[in-house]
Amino acid sequence: MPFQSILAFDSYQFMPHGHCVLWKPEILWPMVISEAGIFVSYAAIPAALIWFLRKRSDLDENGKLIIILFAIFIASCGLTHLVGAINYWNSFYFTEVFLKGLTAIVSIATAIVGFRYVPKLLRLPSPKAYKKMALELKELNTDLEKRVEERTAELKENQARLQSILNGVNDAISVYTPIFDQNGELHDFSVRALTERAMHQAGVTSMTPFNTPSLRKTHPTAFENGHFDRCAEVWKTGAVSIEDPYFSQVFNRYFRIVMQKCNEQNALLIFFSDVTEREQAKLTSMAQAKLVSLGEMAGGIGHEINTPLQVIDSQLRQLKRSLPDLGEKEERHIEKIETTLSGIKLIVANLRRLSREDSSEIKPTNIAETVDQLLSIFKRSLEEKNIELKKNIEVDRETKALASEVSLVQILTNLINNAVDAIDEKVDSEKAFIELNLKSFEDSLEIEVVDNGGGFDDKIKERIFDPLFTTKDVGKGTGLGLSLSQRMAMDMNSKINCQRDGGLTRFSFKLPKDAA
Amino acid sequence: MTILFVDDVVDILEGYEAEVKYHFSDFKVLLATNGQQALEICKKEHVDLIFSDAKMPVMSGVEFFENLKKMNHEAPRYLITGHIGDYSPERIKACGASRVFDKPINFDKLIDFMKIQTEFQIEKGA
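Chain order of the listed sequences is V and F. Note that the first sequence covers residues 1 to 516 in the working numbering. Note that the second sequence covers residues 1 to 126 in the working numbering.
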């Protein structure tokens with residue numbers, strides 16, 4: 001046997017173990033085979049342990065130690081069994097002693113370390129506990145997932161709600177992000193709009209005029225009219241600022257602007273509400289109130305003038321009676337005074353009629369007479385401006401139309417004044433005139449004011465009846481006259497039409513004839 | 001015939017007086033500058049016809065007429081005024097003003113009116 005040479009230092013004067021069992025094969029071979037089997041398995045087990053060890057490099061020092069010790073212990077124990085089997089035919093007892101001794105030492109060490117390690121091992125959760133923990137973890141996970149799902153759904157819902165609110169809001173909401181210059185001073189804003197609806201209502205078709213990386217470049221007027229200064233103030237102080245009303249020339253509308261600082265976004269939030277209708281209503285009612293108070297004042301003035309008028313009248317009569325032999329020249333002077341006095345009486349009578357409550361009612365009115373009286377008021381001033389006054393009244397004095405006298409006079413006054421202003425802008429040298437036509441139709445009367453003044457562009461024809469729209473220079477016209485006149489015409493079931501006819505401008509409206 | 005004119009503006013009264021004196025030389029003209037004065041005159045003297053302004057200090061024309069009504073004063077009375085808006089039509093009717101003339105009055109029409117009144121009164125046997 002090859003072992004013999006390796007283990008040759010053993011004395012071979014001892015008896016091999018086979019002798020102990022008297023070489024009885026039924027005892028010998030089971031022993032030897034068992035020992036060999038043990039050796040093989042005691043070689044395999046450490047191999048498995050080492051394999052395990054190499055794979056689980058995360059074990060702590062003690063664990064590693066135990067496994068190594070255990071592996072060595074089993075390996076050396078296996079070797080003892082091998083030598084035991086060999087020594088059935090040989091007597092390598094020194095080798096056997098050596099190996100057994102080694103095994104004893106290692107096994108004692110393993111036992112010691114093992115005992116020390118048992119408590120720790122006991123603390124490791126049992127498979128049942130592991131299962132329980134894994135189950136709990138799974139439950140927690142599922143629970144967490146569900147909560148996340150719920151939160152996400154909530155968030156989505158909130159976002160959708162916010163978006164629909166923003167979309168429904170009439171306000172425009174913009175975010176102004178400050179831009180600082182080299183010195184760290186606030187000197188510009190970039191503008192981004194959050195909502196579009198108000199923009200569209202104001203007639204802005206694309207977002208670009210509103211959104212801009214530089215307010216200074218796109219809306220320089222904001223730096224002239226104080227808008228930027230207000231924004232800067234809000235940025236500095238954090239106070240809320242309300243600017244109401246603010247007129248935007250770019251959009252030709254009035255806005256209410258609320259500015260506040262949004263610290264989270266490090267920007268300003270600007271809310272624009274379109275208050276144009278409110279302002280128009282305000283202006284209209286102010287204009288109407290003015291007209292009403294003017295009417296009242298006119299009435300009051302009329303009353304006051306009546307007494308002096310009567311005095312002049314009676315003095316004139318007495319004068320005439322006391323000067324029987326008047327020359328032609330003196331007669332003419334007195335006649336002139338008398339006619340002028342009549343003129344004043346007429347004006348005052350008209351003022352009084354207009355100021356009376358019932359004259360704003362719609363009732364059968366003698367249009368021809370009203371027109372005549374009105375023209376008598378304008379006659380003088382038109383003469384002074386060198387404007388010819390023409391009139392074509394094709395309606396007899398008996399015909400009445402349903403109208404409010406006050407409104408009629410106001411509309412005609414407005415139209416005639418506009419005609420006068422248009423003539424002011426006239427450029428050609430043709431003689432200026434204003435023509436008043438009264439035509440009769442089957443069921444209605446048509447009143448028309450014609451002038452050959454400067455006229456207006458066909459393009460703006462649609463807008464001339466809009467409140468606030470005016471072609472006159474700033475300060476000359478409020479833009480309210482025609483819109484008020486149109487309103488008054490509509491109250492009388494009528495509508496003012498305008499037309500350009502060659503070099504002429506025609507404004508006309510119809511009134512229904514009184515059926516009676 | 002005695003006619004009473006009431007108005008707080010003296011020039012107006014002068015005007016009435018001049019017209020009546022010129023057209024009816026035999027008429028007597030009495031003048032008052034407020035309703036109170038006029039009322040005193042009416043209590044003391046016989047008056048056939050009264051023309052009064054409405055708005056006057058101390059006592060207005062309407063109040064004056066109301067007092068005349070209380071007295072059962074018979075003379076026809078008329079208001080000549082520029083300030084009719086201050087009084088309701090009902091009150092004006094109730095105070096016995098048969099008619100309201102607007103200022104500035106048409107003197108020719110006033111004279112004609114007075115002529116008719118005179119004839120009427122003569123017929124009545126006043």
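Just so you know, not all the hints are guaranteed correct.
Not close to chain F: a few residues of chain V, all C-beta gaps over 10 Å, as computed [to be verified]: (1) Gln310; (2) Val311; (3) Arg321.
Residues on chain V that point at chain F, a partial pick, calculated with CB under 8 Å [said to hold, decoys possible]: (4) Asn306; (5) Asp313; (6) Lys320; (7) Ser342; (8) Lys345.
Calculated from the structure, these hints are not laboratory results. For every residue, glycine included, the Cβ atom is placed at its ideal position computed from N, Cα and C.
Here's how the hints hold up against the structure:
1. Gln310: violated (4 Å)
2. Val311: Non-interface label fails for V:Val311: nearest chain F Cβ at 4 Å, not farther than 10 Å.
3. Arg321: The assertion about V:Arg321 is violated, with a minimum of 6 Å to chain F.
4. Asn306: holds (4 Å)
5. Asp313: holds (6 Å)
6. Lys320: Where the cut-off is 8 Å and the nearest Cβ of chain F is about 11 Å from V:Lys320, the hint is violated.
7. Ser342: violated (10 Å)
8. Lys345: Check passed: Cβ of V:Lys345 comes within 6 Å of chain F, closer than 8 Å.
Hint check: violations occur at hints 1, 2, 3, 6, 7; the rest are consistent with the structure.
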